[in-house]
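Line by line, the protein sequences are chains B and S. My numbering puts the first sequence at residues 1 to 131. My numbering puts the second sequence at residues 132 to 404.
I should point out that these hints are in silico values taken from the structure, not numbers from a laboratory. Possibly wrong hints are sitting among the right ones.
What the hints assert, rightly or not - DEER-style ranges, computed between Cβ atoms:
id	chain 1	residue 1	chain 2	residue 2	range
1	S	Asn147	B	Asp65	29 to 37 Å
2	B	Thr79	S	Gln338	18 to 26 Å
3	S	Ser230	B	Ile117	33 to 41 Å
4	S	Lys260	B	Thr119	51 to 59 Å
5	S	Thr399	B	Thr79	58 to 66 Å
As the list claims (entries may be wrong) - Every beta carbon over 10 Å from chain B, so not counted as near; a handful from chain S, in silico:
id	residue
6	Met132
7	Thr145
8	Asn147
9	Arg171
10	Ser173
11	Gly175
12	Tyr187
13	Glu225
14	Leu276
15	Gly291
16	Val355
17	Asp357
Given the structure is predicted, the values throughout are model-derived calculations rather than measurements. Glycine included, C-beta positions come from ideal geometry on N, C-alpha and C.
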Amino acid sequence: MACVDRTLAEAPRYFDNKNNYTRSGHDANAALDGGIAYGQIFYMNTPPSNPVDLYFMDARSKLIDIAAFMDRVQRSGETDDYRYQMFCQALQGLDSSNRAEAVLGIFSDMTPEPKPIATPGPASGAWKEDA
Amino acid sequence: MRYIEPHAHMVTRTTNDYQSLAMAGCKAVCEPAFWAGFDRSSVGGFRDYFMQLTEYEPRRAEKFFLKHYSWICINPKEAEDIGFAREVIALIPEFLEKSNVLGVGEIGLNKNSVNEVKIFQEQVEIAVKYDQLILVHTPHLEDKLKGTKLILEMLQEHSGVRPERVLIDHVEEHTVRMVLDAGFWAGITLYPESKCTPPRAVDMLEQYGSTDRIWMNSACDWGVSDPMALPKAIMELRKRGFDDAAIDRFVYRNPVRFLGQCPKFDLTETDAV
Numbered sequence: 001m002a003c004v005d006r007t008l009a010e011a012p013r014y015f016d017n018k019n020n021y022t023r024s025g026h027d028a029n030a031a032l033d034g035g036i037a038y039g040q041i042f043y044m045n046t047p048p049s050n051p052v053d054l055y056f057m058d059a060r061s062k063l064i065d066i067a068a069f070m071d072r073v074q075r076s077g078e079t080d081d082y083r084y085q086m087f088c089q090a091l092q093g094l095d096s097s098n099r100a101e102a103v104l105g106i107f108s109d110m111t112p113e114p115k116p117i118a119t120p121g122p123a124s125g126a127w128k129e130d131a
Numbered sequence: 132m133r134y135i136e137p138h139a140h141m142v143t144r145t146t147n148d149y150q151s152l153a154m155a156g157c158k159a160v161c162e163p164a165f166w167a168g169f170d171r172s173s174v175g176g177f178r179d180y181f182m183q184l185t186e187y188e189p190r191r192a193e194k195f196f197l198k199h200y201s202w203i204c205i206n207p208k209e210a211e212d213i214g215f216a217r218e219v220i221a222l223i224p225e226f227l228e229k230s231n232v233l234g235v236g237e238i239g240l241n242k243n244s245v246n247e248v249k250i251f252q253e254q255v256e257i258a259v260k261y262d263q264l265i266l267v268h269t270p271h272l273e274d275k276l277k278g279t280k281l282i283l284e285m286l287q288e289h290s291g292v293r294p295e296r297v298l299i300d301h302v303e304e305h306t307v308r309m310v311l312d313a314g315f316w317a318g319i320t321l322y323p324e325s326k327c328t329p330p331r332a333v334d335m336l337e338q339y340g341s342t343d344r345i346w347m348n349s350a351c352d353w354g355v356s357d358p359m360a361l362p363k364a365i366m367e368l369r370k371r372g373f374d375d376a377a378i379d380r381f382v383y384r385n386p387v388r389f390l391g392q393c394p395k396f397d398l399t400e401t402d403a404v
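Please construct the entire structure, taking both the sequences and the accompanying hints into account.
Given below as structure tokens:
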């Protein structure tokens, strides 16, 4: 059985013209008439919580974990490991304005062409040229 | 709160997980075909797996008032042997006829190899030929950026592919924008270690959620993963100030809108429960 396309214009509408959510119970078609097109509304009913309040302790803990990881690798004498080298490079991504994207990019394979053959084993998390 | 789990490998999970999903508000679970953790030794192994996805798992889910849908394909990790992969691809049309199959997936790339590319293209061709939705797996970790770019190029070059009928899964901060800008749907996978945490997922929803072409999933399987990841993300959304309507859109209505392009996706019975 083939799937048929339904255009987005046919999607149900859920909001009235004052941005109130009008869907009631399980009646998906309750707000079809006079509603605002699906997807045009993106709002919060309360101001977003302060991200520092929400995440400071968690981020602080992870930062200390990173520091302790680097100490641990140094004590074990494994700082030449390519993954650790990439890790240290990725820390420079923190100077970017889009830090998460920059860090992910530093760990990534930036070569454009498909590989001749799939390398065995799982991805390591850090790109290595001859892997 | 009601939600859809649009990507979960339930064959690897216990029945207790089905119960937990149902109790948390899940209305339907969608299961793409994937790598079993080992390479299968015969085409018959795939036939058995596809039977499990289309016959057995729906019954297991039904016990907890959950609808179960599946996607059929050969995964990229087992695509390196082209001859073998083509024998599996030959099975796909038969299973596309099954009542719970939503389309072809999760096809994609794993290590971005030449053979993976060929098998990806051949399965896209099958999807187009049979007018199916497509679910795309993007590679792990350091291979994700390159793989996502290759996948987008191939999909955009194919005149028969309609972006609104393709979801590209496992996006992260470095790939989400290019997927959405190209007109495709994007899936954010919530994993405890790799892929994305709930706070990062909500960051992306804050930046790109107004596009509507985005959802979250747990992609729970046999690895380090969490079938309760979506309820945890819902809690994260609440912490960040999203109201019930906005959350409902991300975790229920957006998946329904994409999956509902396949007429077999029908939540009428579960909505009534």
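Hints, verified against the model:
1. Asn147/S / Asp65/B: 29 to 37 Å: 31 Å, holds
2. Thr79/B / Gln338/S: 18 to 26 Å: Cβ of Thr79/B to Cβ of Gln338/S: about 36 Å, so the range 18 to 26 Å is violated.
3. Ser230/S / Ile117/B: 33 to 41 Å: The hinted range 33 to 41 Å holds for Ser230/S and Ile117/B, with Cβ atoms some 39 Å apart.
4. Lys260/S / Thr119/B: 51 to 59 Å: Hint violated: Cβ distance 32 Å, outside 51 to 59 Å.
5. Thr399/S / Thr79/B: 58 to 66 Å: 60 Å, holds
6. Met132: Fine: 14 Å to the nearest Cβ keeps Met132/S off the interface.
7. Thr145: 24 Å, holds
8. Asn147: 27 Å, holds
9. Arg171: 16 Å, holds
10. Ser173: 20 Å, holds
11. Gly175: Given that every Cβ of chain B is farther than 10 Å from that of Gly175/S, nearest at about 24 Å, it holds.
12. Tyr187: 20 Å, holds
13. Glu225: 12 Å, holds
14. Leu276: About 4 Å separates Leu276/S from the closest Cβ of chain B, which leaves it inside 10 Å; violated.
15. Gly291: Correct as stated: the minimum Cβ-Cβ distance to chain B is 12 Å, above 10 Å.
16. Val355: Its Cβ never comes within 10 Å of chain B, the nearest being 12 Å, so this holds.
17. Asp357: 17 Å, holds
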